[in-house]
Amino acid sequence: MQHEIFLALAGCPGSTFTVSRESGLFEVITDLPFIHPSEVAILNRLSGLGTYYKQLNDFTKQQTTFCTALDLIKDEGNLYHKAMAYGFDKVLDSYRKKLVDVEQKCMMQPDLPISHIQHEFEDFQLLLPALDSCLKYVHNHKDP
230 MQHEIFLALA GCPGSTFTVS RESGLFEVIT DLPFIHPSEV AILNRLSGLG TYYKQLNDFT
290 KQQTTFCTAL DLIKDEGNLY HKAMAYGFDK VLDSYRKKLV DVEQKCMMQP DLPISHIQHE
350 FEDFQLLLPA LDSCLKYVHN HKDP
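Counting the sequence shown from 1 gives a position; the working numbering is that position plus 229.
These aren't lab readings, by the way, just hints derived from the structure by calculation.
Keep in mind the model is a prediction, meaning the values are calculated, not measured.
Here a beta-carbon is modelled for each residue, glycine too, at the ideal position from N, C-alpha and C.
Incorrect hints may have been included.
Pair ranges (Cβ atoms, derived) [said to hold, decoys possible]:
hint, residue 1, residue 2, range
1, M336, F263, 32 to 42 Å
2, C241, Q291, 30 to 40 Å
3, D260, T294, 12 to 22 Å
4, L261, Q354, 16 to 26 Å
5, L341, H368, 34 to 44 Å
In silico DSS-like cross-links for lysine-lysine, where the CA-CA straight-line distance does not exceed 27 Å [to be verified]:
hint, residue 1, residue 2
6, K311, K334
7, K365, K319
8, K327, K365
9, K326, K283
10, K365, K334
11, K290, K319
Construct the complete structure from the given sequences, taking the supplied hints into account.
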């Protein structure tokens, strides 16, 4: 189960998680026989981070690809988006590092509970949704 959690945290829902129609976040597929109902809330909370990571990472990749000076002139807001993307990438680097560190811990101690993984990512439970809200605000308030 830990492998599926790490895939979801990395932005890949896989076969255990799906995108919720209501919230748009990754969540556990309902009625899986090998997941205890008490674990579903923790798994959904963790997998939600993967959704935010994917959205922020997609924006970062889109904005940090090579462009010419002519491209910058055509889109005046592009420079601000690029600066924002580089800032997001700094935060996402710490998230990626945490992901690798926790996965290595779990490989060394396979009996670590899901609550340990939840604890390790608790700092990002406020940070990534806030950055995602900032990104949505910028997208929704573009000048015509």
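Hint check:
no., hint, verdict
1, M336 / F263: 32 to 42 Å, "violated, 20 Å"
2, C241 / Q291: 30 to 40 Å, "violated, 18 Å"
3, D260 / T294: 12 to 22 Å, "violated, 41 Å"
4, L261 / Q354: 16 to 26 Å, "holds, 23 Å"
5, L341 / H368: 34 to 44 Å, "holds, 38 Å"
6, K311 / K334, "violated, 34 Å"
7, K365 / K319, "holds, 19 Å"
8, K327 / K365, "holds, 25 Å"
9, K326 / K283, "holds, 15 Å"
10, K365 / K334, "violated, 34 Å"
11, K290 / K319, "holds, 13 Å"
Hint compliance for this structure: hints 1, 2, 3, 6 and 10 are not met, and every other hint is.
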